[in-house]
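Undergrad: Sequence:
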Amino acid sequence: MDKIILEDRFTTHQKITFLLYIGAPFIIRIVGLIRDGLNSNLNYKGCLALIIFLFIYSLLISIAFLKKGFIKINSNLYRGSFFREKLFLKKRIDISQTPKVAVLKFKKSQKLAWFSAAKPDLATEFNSFEINILNDKHTKRKSIIDLKKKDNVERTINFLTTNFDMKSEVFSPDFG
1 MDKIILEDRF TTHQKITFLL YIGAPFIIRI VGLIRDGLNS NLNYKGCLAL IIFLFIYSLL
61 ISIAFLKKGF IKINSNLYRG SFFREKLFLK KRIDISQTPK VAVLKFKKSQ KLAWFSAAKP
121 DLATEFNSFE INILNDKHTK RKSIIDLKKK DNVERTINFL TTNFDMKSEV FSPDFG
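Here the working numbering is used: position 63 in the sequence shown is 63, and no number is missing along the way.
You may find that some hints are simply not true.
[What the hints assert, rightly or not] Pairs of lysine-lysine residues, derived as BS3-like cross-links and limited to a Cα-Cα distance of at most 30 Å, are as follows:
{"hint": "1", "residue 1": "Lys91", "residue 2": "Lys45"}
{"hint": "2", "residue 1": "Lys111", "residue 2": "Lys67"}
{"hint": "3", "residue 1": "Lys107", "residue 2": "Lys142"}
{"hint": "4", "residue 1": "Lys91", "residue 2": "Lys167"}
Treat the hints as calculated values from the structure; they're not laboratory data.
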């Protein structure tokens, strides 16, 4: 089982937003249960609720800090989400009809949610490298992952071409 773990699934801005807005109700409930437990003995229902809320919040933290990558199981390619080097989620990618791989570079921007009142159009710009699998004539393409670091693009192409019967090419569709 070969795997390559590339980069964070979420940006720092997305992680903070995710943990703050989605996680805040869990934190408030956990703090309330702990405070009630310190003031009086917590009954079994309170302990059970505390354990459940702690479990759900730890799951949210795990999701926020996932890394994306690829994994080869038998001869199949999977896009994986990893937490601390362990496979958390996986999705199979069918590469039977797509023997070619190409990289497309895009300039993207992401709006920042917290600064909308002061500067409504505040955004960060970054380069995005989209890894695509292609058919022989390059007329059908499917994006399999977006990366932000150029080094990870080279590692990904190397992983795909060495572990699978794929060839790296420049995207050039032949409709004729």
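Undergrad: Work down the list of hints and note, for each, if the structure agrees.
TA: Okay, the hints, checked on the actual structure:
Of the supplied pair hints, the one linking Lys91 and Lys45 is violated, its CA atoms being roughly 37 Å apart against a limit of 30 Å. Restraint check for Lys111 and Lys67: the C-alpha separation of about 22 Å stays at or below 30 Å, so the hint holds. Taken as a hint, the Lys107 and Lys142 pair is honoured in the structure, with Cα atoms around 19 Å apart against an allowance of 30 Å. With a C-alpha separation of about 22 Å, the suggested pairing of Lys91 with Lys167 holds against the 30 Å cut-off.
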